[in-house]
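Protein chains: 2
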Amino acid sequence: MALDYDALNENVKKCQYAVRGELYLRASELQKEGKKIIFTNVGNPHALGQKPLTFPRQVVALCQAPFLLDDPNVGMLFPADAIARAKHYLSLTSGGLGAYSDSRGLPGVRKEVAEFIERRDGYPSDPELIFLTDGASKGVMQILNCVIRGERDGILVPVPQYPLYSATISLLGGSLVPYYLDESENWGLDVNNLRQSVAQARSQGISVRAMVIINPGNPTGQCLSEANLREILRFCYNEKLVLLGDEVYQQNIYQDERPFISAKKVLMDMGSPFSKEVQLVSFHTVSKGYWGECGQRGGYFEMTNIPPRVVEEIYKVASIALSPNVSAQIFMGLMVSPPKPGDISYDQFARESKGILESLRRRAKIMTDGFNSCKNVVCNFTEGAMYSFPQIRLPPGALQAAKQAGKVPDVFYCLKLLEATGISTVPGSGFGQKEGVFHLRTTILPAEEEMPEIMDSFKKFNDEFMTQYENNFGYSRM
Amino acid sequence: MALDYDALNENVKKCQYAVRGELYLRASELQKEGKKIIFTNVGNPHALGQKPLTFPRQVVALCQAPFLLDDPNVGMLFPADAIARAKHYLSLTSGGLGAYSDSRGLPGVRKEVAEFIERRDGYPSDPELIFLTDGASKGVMQILNCVIRGERDGILVPVPQYPLYSATISLLGGSLVPYYLDESENWGLDVNNLRQSVAQARSQGISVRAMVIINPGNPTGQCLSEANLREILRFCYNEKLVLLGDEVYQQNIYQDERPFISAKKVLMDMGSPFSKEVQLVSFHTVSKGYWGECGQRGGYFEMTNIPPRVVEEIYKVASIALSPNVSAQIFMGLMVSPPKPGDISYDQFARESKGILESLRRRAKIMTDGFNSCKNVVCNFTEGAMYSFPQIRLPPGALQAAKQAGKVPDVFYCLKLLEATGISTVPGSGFGQKEGVFHLRTTILPAEEEMPEIMDSFKKFNDEFMTQYENNFGYSRM
Ligand SMILES: Cc1ncc(COP(=O)(O)O)c(C=O)c1O
Ligand SMILES: Cc1ncc(COP(=O)(O)O)c(C=O)c1O
Numbered sequence: 001m002a003l004d005y006d007a008l009n010e011n012v013k014k015c016q017y018a019v020r021g022e023l024y025l026r027a028s029e030l031q032k033e034g035k036k037i038i039f040t041n042v043g044n045p046h047a048l049g050q051k052p053l054t055f056p057r058q059v060v061a062l063c064q065a066p067f068l069l070d071d072p073n074v075g076m077l078f079p080a081d082a083i084a085r086a087k088h089y090l091s092l093t094s095g096g097l098g099a100y101s102d103s104r105g106l107p108g109v110r111k112e113v114a115e116f117i118e119r120r121d122g123y124p125s126d127p128e129l130i131f132l133t134d135g136a137s138k139g140v141m142q143i144l145n146c147v148i149r150g151e152r153d154g155i156l157v158p159v160p161q162y163p164l165y166s167a168t169i170s171l172l173g174g175s176l177v178p179y180y181l182d183e184s185e186n187w188g189l190d191v192n193n194l195r196q197s198v199a200q201a202r203s204q205g206i207s208v209r210a211m212v213i214i215n216p217g218n219p220t221g222q223c224l225s226e227a228n229l230r231e232i233l234r235f236c237y238n239e240k241l242v243l244l245g246d247e248v249y250q251q252n253i254y255q256d257e258r259p260f261i262s263a264k265k266v267l268m269d270m271g272s273p274f275s276k277e278v279q280l281v282s283f284h285t286v287s288k289g290y291w292g293e294c295g296q297r298g299g300y301f302e303m304t305n306i307p308p309r310v311v312e313e314i315y316k317v318a319s320i321a322l323s324p325n326v327s328a329q330i331f332m333g334l335m336v337s338p339p340k341p342g343d344i345s346y347d348q349f350a351r352e353s354k355g356i357l358e359s360l361r362r363r364a365k366i367m368t369d370g371f372n373s374c375k376n377v378v379c380n381f382t383e384g385a386m387y388s389f390p391q392i393r394l395p396p397g398a399l400q401a402a403k404q405a406g407k408v409p410d411v412f413y414c415l416k417l418l419e420a421t422g423i424s425t426v427p428g429s430g431f432g433q434k435e436g437v438f439h440l441r442t443t444i445l446p447a448e449e450e451m452p453e454i455m456d457s458f459k460k461f462n463d464e465f466m467t468q469y470e471n472n473f474g475y476s477r478m
Numbered sequence: 001m002a003l004d005y006d007a008l009n010e011n012v013k014k015c016q017y018a019v020r021g022e023l024y025l026r027a028s029e030l031q032k033e034g035k036k037i038i039f040t041n042v043g044n045p046h047a048l049g050q051k052p053l054t055f056p057r058q059v060v061a062l063c064q065a066p067f068l069l070d071d072p073n074v075g076m077l078f079p080a081d082a083i084a085r086a087k088h089y090l091s092l093t094s095g096g097l098g099a100y101s102d103s104r105g106l107p108g109v110r111k112e113v114a115e116f117i118e119r120r121d122g123y124p125s126d127p128e129l130i131f132l133t134d135g136a137s138k139g140v141m142q143i144l145n146c147v148i149r150g151e152r153d154g155i156l157v158p159v160p161q162y163p164l165y166s167a168t169i170s171l172l173g174g175s176l177v178p179y180y181l182d183e184s185e186n187w188g189l190d191v192n193n194l195r196q197s198v199a200q201a202r203s204q205g206i207s208v209r210a211m212v213i214i215n216p217g218n219p220t221g222q223c224l225s226e227a228n229l230r231e232i233l234r235f236c237y238n239e240k241l242v243l244l245g246d247e248v249y250q251q252n253i254y255q256d257e258r259p260f261i262s263a264k265k266v267l268m269d270m271g272s273p274f275s276k277e278v279q280l281v282s283f284h285t286v287s288k289g290y291w292g293e294c295g296q297r298g299g300y301f302e303m304t305n306i307p308p309r310v311v312e313e314i315y316k317v318a319s320i321a322l323s324p325n326v327s328a329q330i331f332m333g334l335m336v337s338p339p340k341p342g343d344i345s346y347d348q349f350a351r352e353s354k355g356i357l358e359s360l361r362r363r364a365k366i367m368t369d370g371f372n373s374c375k376n377v378v379c380n381f382t383e384g385a386m387y388s389f390p391q392i393r394l395p396p397g398a399l400q401a402a403k404q405a406g407k408v409p410d411v412f413y414c415l416k417l418l419e420a421t422g423i424s425t426v427p428g429s430g431f432g433q434k435e436g437v438f439h440l441r442t443t444i445l446p447a448e449e450e451m452p453e454i455m456d457s458f459k460k461f462n463d464e465f466m467t468q469y470e471n472n473f474g475y476s477r478m
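Residue numbers (the UniProt record's numbering), protein chains in the order written: chain P, 1 to 478; chain B, 1 to 478.
Derived by calculation from the structure, the hints in this document are not laboratory data. Each hint should be verified, as a subset may be incorrect.
Remember, identical chains collapse to one label, so a pair may be satisfied in a single copy or spanning two.
[Claimed, not checked] Subject to a maximum C-alpha distance of 30 angstroms in a straight line, what follows is the list of computed DSBU-like cross-link-like pairs (lysine-lysine): (1) 87 / 32; (2) 340 / 240; (3) 87 / 354; (4) 51 / 434.
As the structure is a prediction and not an experimental result, all values here were calculated from the model.
Start from the sequences, fold in the hints, and give me the full structure.
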């Protein structure tokens with residue numbers, strides 16, 4: 001029968017999603033058995049105790065319960081600016097949070113997003129070219145669905161990468177064309193490398209149609225420089241590639257020397273013919289930044305140089321599932337137009353968001369330093385995003401033990417780590433990596449006060465593991 | 001370039017979604033120009049003034065603003081049972097509404113859904129076989145994605161049908177195999193007809209793998225009888241078809257003689273071998289019933305007789321987009337476990353939901369009667385769901401005028417109706433219908449007090465239209 005394993009769509013079976021893969025499943029089992037698990041496998045800040053920002057939650061709560069707006073006591077629980085904002089957002093809907101919106105999202109919120117992009121980049125942005133989505137993931141899937149026609153269509157994807165890309169490309173039956181980020185250059189991107197990847201794909205009969213960048217990077221944590229972005233855009237222009245700019249971590253920046261610069265801004269700065277021709281789709285979300293509102297499922301994408309007829313096709317496909325959820329659309333509106341100085345809620349909002357961002361910055365440093373103090377572990381600094389991606393140099397004895405256990409070496413290591421410490425990470429192989437090089441990914445999200453203990457427990461496990469398996473034959477890579 | 005029209009995935013271009021098609025776009029234009037539009041194209045109750053049920057909105061508002069639970073004034077705005085329920089649902093999350101949940105949805109809510117199904121059907125239901133989704137649409141798309149491998153895989157779909165099915169099958173590159181509902185038999189389903197459809201598809205090299213039923217029907221409004229469901233399940237057993245049971249309108253029932261019966265219950269009643277072998281996936285939503293919480297995007301599907309290994313694959317694919325939105329999961333929990341007699345909020349909840357349901361029942365009758373009073377219009381009674389689907393018998397003069405305008409005849413009629421009255425309907429051709437037979441679909445959702453005026457304005461337009469185009473050569477169909 002059609003839903004027997006042998007009869008399933010092969011693309012469904014082929015795709016892999018390591019962030020919730022073997023390690024996550026094992027961690028969930030252990031949790032059920034009563035073990036304390038520290039879930040650092042997904043960038044899910046609230047699950048690790050980060051508190052939501054108060055103001056946006058007040059606004060959305062009022063939008064969910066609009067009858068409170070007529071209650072004379074509402075001012076006892078909600079500040080006046082939250083009440084005003086709730087009225088504003090309700091006025092943008094046609095029936096409150098319970099009505100399907102336009103399939104592209106509420107026009108009024110798309111306008112606010114466009115204004116945000118204009119302020120950020122200094123260039124105009126058109127609300128008609130902005131679609132709201134149930135999280136950035138859904139937007140990426142929609143766009144890749146338009147691009148991929150079959151197995152000969154290739155998508156350039158960084159390695160290591162966030163597996164949304166590899167999984168979606170498998171699911172849609174396309175080909176992933178890897179380009180490697182250079183760990184020794186702080187996970188930078190070499191355009192010569194890109195050229196080689198494209199040439200190699202072509203020699204295999206694959207036509208490369210799009211390129212993905214993740215900036216700031218997941219799992220790698222780097223911010224792309226302006227010069228690097230310019231090279232990438234020029235490359236896309238020459239090779240006629242659509243650029244998919246995953247910029248969901250644009251607010252998660254931890255080094256002042258490395259600010260976030262959007263692909264759109266760099267493209268517009270480059271001027272004609274680039275700014276008029278390179279097709280770019282940029283993605284953003286309410287899940288990251290200091291918001292971390294993952295469970296709300298709110299995102300947007302902005303299209304640049306996409307012909308109107310294609311925008312219409314994307315609209316049509318979006319309309320099959322009717323509309324993105326409306327409360328997350330309002331979170332998006334709030335994210336792009338937060339309280340301003342002088343507003344009643346401004347001070348609290350600023351204090352909360354600054355608190356989260358500064359703590360993330362400190363945690364990034366504690367983690368990097370912690371990993372670098374461990375035996376056979378080296379780790380680049382997290383410039384942005386929410387992850388640390390240390391390289392784990394496994395001694396031959398460990399490789400052999402992994403083989404005997406029938407596990408990929410980094411999976412073997414991460415499982416042992418999980419059993420010993422409760423720390424649930426993702427093996428680097430889930431993101432793709434070079435032959436014989438092993439990593440793990442953790443988020444930097446555990447509560448700051450727990451961080452030293454977690455790093456101690458990691459170090460203790462790691463150093464014992466290394467000592468146990470070490471011998472004189474060298475490491476997996478120097 | 002990959003996002004030029006000519007280069008797009010052909011399946012994207014091929015799919016049609018009439019509910020938000022030409023008529024909807026024209027209506028949106030007219031609205032922008034200042035014309036009053038009555039949107040009856042989508043089953044979107046809140047957009048037409050239906051008020052949300054108070055209790056669930058109170059609970060979800062508190063979940064969005066959990067800090068209120070510590071506020072000594074909370075009792076001034078929220079009843080104690082809403083506060084208790086909010087605490088209950090928050091305790092089922094791991095980090096409130098801002099944390100990604102398990103990709104299948106919160107285990108605690110899935111348990112409540114299973115209990116609801118058990119009470120409804122009198123048979124056990126396993127939470128592990130229930131997945132929460134961002135609306136039923138997303139669930140249907142996930143399952144069809146597993147079933148469809150290519151253009152030789154066929155899905156039996158009723159005609160007329162809700163175009164989610166035709167659009168998704170196109171998008172996934174499968175083949176739609178139509179089976180016709182019999183208008184003269186109150187849109188009943190004849191199993192001989194099904195056999196013919198399958199035989200014809202086979203003769204064209206298509207292997208039929210699944211069958212869709214929509215019960216109660218959209219756009220047709222019929223409830224399938226138990227005998228009919230038994231025949232269908234037997235047919236699926238014999239032909240080894242997965243049955244997709246779209247039961248999103250199970251609470252929208254307007255005739256006591258025609259209750260809703262779930263496919264799962266009938267299957268279990270049939271006993272072995274059927275109950276152990278027929279693969280069934282049933283879909284439900286918070287968008288319909290007396291909830292109408294469309295914009296929240298909450299749904300679930302339950303799987304019966306699907307092997308564990310396949311359930312795992314479906315889990316894996318769901319995990320690519322991380323998790324359904326959490327606030328709608330809580331709406332689902334509330335829908336399947338509403339206030340009970342004795343609860344503080346019970347009376348209000350019962351009054352509100354009864355009010356909505358009874359008004360829908362009256363509106364169904366006003367609409368059917370109104371249509372049947374019009375020239376050349378005949379309409380079956382709406383037993384369930386939210387739609388009226390009158391047949392419009394177009395005189396030859398109208399067919400000719402449509403041809404000259406380059407429009408399908410029912411599109412021509414509906415556009416004229418829209419321009420004349422502001423009533424935005426969907427032409428029957430958007431749902432599929434027999435050659436030369438024309439319909440339109442409206443929802444029964446406009447406010448009850450506006451209904452007489454809407455039907456008058458419809459009648460005036462229709463009767464003038466018919467008179468204008470009528471001549472002695474007869475009608476499109478008698
Ligand atoms: C690089 C990247 N892109 C996209 C996403 C998806 O985010 P969401 O779908 O929650 O917006 C994530 C989530 O972790 C991510 O790391
Ligand atoms: C028959 C049918 N199935 C599914 C849906 C989708 O509902 P949702 O995705 O809002 O749950 C609809 C919506 O109108 C419908 O009519």
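**Prompt:** Is it within a copy, between copies, both, or neither that the alpha carbon of residue 87 lies no farther than 30 angstroms from that of residue 354?
**Reply:** both (27 angstroms within a copy, 29 angstroms between copies)
**Message:** Within a copy, between copies, both or neither: which one fits residue 87 and residue 32 at a CA-CA cutoff of 30 angstroms?
**Reply:** The answer is between: 22 angstroms across copies meets 30 angstroms, while 44 angstroms in one copy does not.
**Asked** With identical chains treated as interchangeable, where does the CA-CA distance between residue 51 and residue 434 reach 30 angstroms or less: within a copy, between copies, both, or neither?
**Response** Neither, since 38 angstroms and 57 angstroms both go past 30 angstroms.
**Item:** Homomeric proximity label, residue 340 with residue 240: Cα distance no greater than 30 angstroms
**Value:** neither (41 angstroms within a copy, 62 angstroms between copies)
Hint violations for this structure: numbers 2, 4, all remaining hints satisfied.
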